[in-house]
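One-letter residues, chain by chain:
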Amino acid sequence: MGWITNIDDTNYRLVQTRKSLVEELVEAFDLGETDVSTGRLGLSSNQASPPATASPWNAANFGRNASKFGSEYFLRSSIAAVRKPQPVLKWTIGGLILPLPADVQKCVGDGIALYAIEEINAAIGYTLNFLSVLCFYLGVKLPFQARWSGGKQGVGIPYLKAGSGTANGNWSRYVIYANDH
Amino acid sequence: MPCALYLNPGLANVSQSSTSATEKFSIAYSMLAYNVCYLAYTQTISIPLSQAGNVLANLWTLCSEDKSIGHFSHETSSSSLEVGKQPATWPPVTASGVGVSHPVHHNRVLAAPTPAPSEFQLDFDSVIELLLGRKVQPPSENLTPGSLIVEDEAGDGWAVVELEEDGF
Numbered sequence: 010m011g012w013i014t015n016i017d018d019t020n021y022r023l024v025q026t027r028k029s030l031v032e033e034l035v036e037a038f039d040l041g042e043t044d045v046s047t048g049r050l051g052l053s054s055n056q057a058s059p060p061a062t063a064s065p066w067n068a069a070n071f072g073r074n075a076s077k078f079g080s081e082y083f084l085r086s087s088i089a090a091v092r093k094p095q096p097v098l099k100w101t102i103g104g105l106i107l108p109l110p111a112d113v114q115k116c117v118g119d120g121i122a123l124y125a126i127e128e129i130n131a132a133i134g135y136t137l138n139f140l141s142v143l144c145f146y147l148g149v150k151l152p153f154q155a156r157w158s159g160g161k162q163g164v165g166i167p168y169l170k171a172g173s174g175t176a177n178g179n180w181s182r183y184v185i186y187a188n189d190h
Numbered sequence: 017m018p019c020a021l022y023l024n025p026g027l028a029n030v031s032q033s034s035t036s037a038t039e040k041f042s043i044a045y046s047m048l049a050y051n052v053c054y055l056a057y058t059q060t061i062s063i064p065l066s067q068a069g070n071v072l073a074n075l076w077t078l079c080s081e082d083k084s085i086g087h088f089s090h091e092t093s094s095s096s097l098e099v100g101k102q103p104a105t106w107p108p109v110t111a112s113g114v115g116v117s118h119p120v121h122h123n124r125v126l127a128a129p130t131p132a133p134s135e136f137q138l139d140f141d142s143v144i145e146l147l148l149g150r151k152v153q154p155p156s157e158n159l160t161p162g163s164l165i166v167e168d169e170a171g172d173g174w175a176v177v178e179l180e181e182d183g184f
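One line per chain: the protein sequences are A and B, in this order.
Just remember that the working numbering sits 9 ahead of the position in the first sequence, which is counted from 1.
Just remember that the working numbering sits 16 ahead of the position in the second sequence, which is counted from 1.
Bear in mind the hints are in silico, worked out from the structure with no lab data behind them.
All clues given are correct.
With a cut-off of at most 25 Å between alpha-carbon atoms, the simulated BS3-like pairs for lysine-lysine come out as follows:
| hint | chain 1 | residue 1 | chain 2 | residue 2 |
| --- | --- | --- | --- | --- |
| 1 | B | K40 | A | K115 |
| 2 | B | K151 | A | K115 |
| 3 | B | K83 | A | K28 |
| 4 | B | K40 | A | K161 |
Chain A on its own, in the form it takes in the complex:
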């Protein structure tokens, strides 16, 4: 039964390889929670604040390392309490927030800035690319498939529609859903 051992060994190495690849992917896309208390990112707190107000050395640009090596380690607690703004952790990819549709709806109703729209679209692009690579690594086909208007991954406007096949969950009917954005 040596071939079973070989299969198990091969499978174990494949799993370890996939884990490493996924780990690298998360790192490359900088997926994680980021302190957005500076208001720099996307729809965080103040839609009207232009990106020019952001310092290149703010916490958002440090990413999640900021909390590790930031003021809390170098300032006395009493001073830190005064100077350090309350951290606002948001999930980000590539430093950008992917807002919920309800938040987008609210911002559009209030009048959304062009740079905020571009940041949202960029976050969507990152997320779709991340998902695409992740599915390739894991060998999983998703219910909804993405197609880009530019003909290549990441080029143009991304469109989603249900893939072929039948399924529970009522998603497969959206294979013919239409949209004119």
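Following the hints, position chain B against chain A.
Below, chain B alone, put in the same frame as chain A:
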């Protein structure tokens, strides 16, 4: 035409009280959120409906689950929910030798048995309702294959057109 997951720059600085401007974005976002929930399901992670909209958090969760990530890439049967139940012989033996080779191209995966979506119980209509705040009428099921629904020029109602061979 599928749903565009894209915000039109024309929305900038134009105050719109109508929900129609972002409705289709919300539906496309629901598709993305549903994809992530499904992917998590294939890695034996169950995401409740209430959390389905948190796309990035869900992605991070499934990528960080060290015990399950990557284990079920080629295990494509519906039993993948049972993380503790690992088959003695991992994949079926193929003509080429031992097991199923790692996919060189994504299309190779499609040729293999696909994950059983019939076991995935999350309801897409519920995800849309959660993210959009109301129900959306899905396209009619009476259309024959090869047809495509598009909105007519007036923007109200549906029209059926022939779908091209190459899909989309």
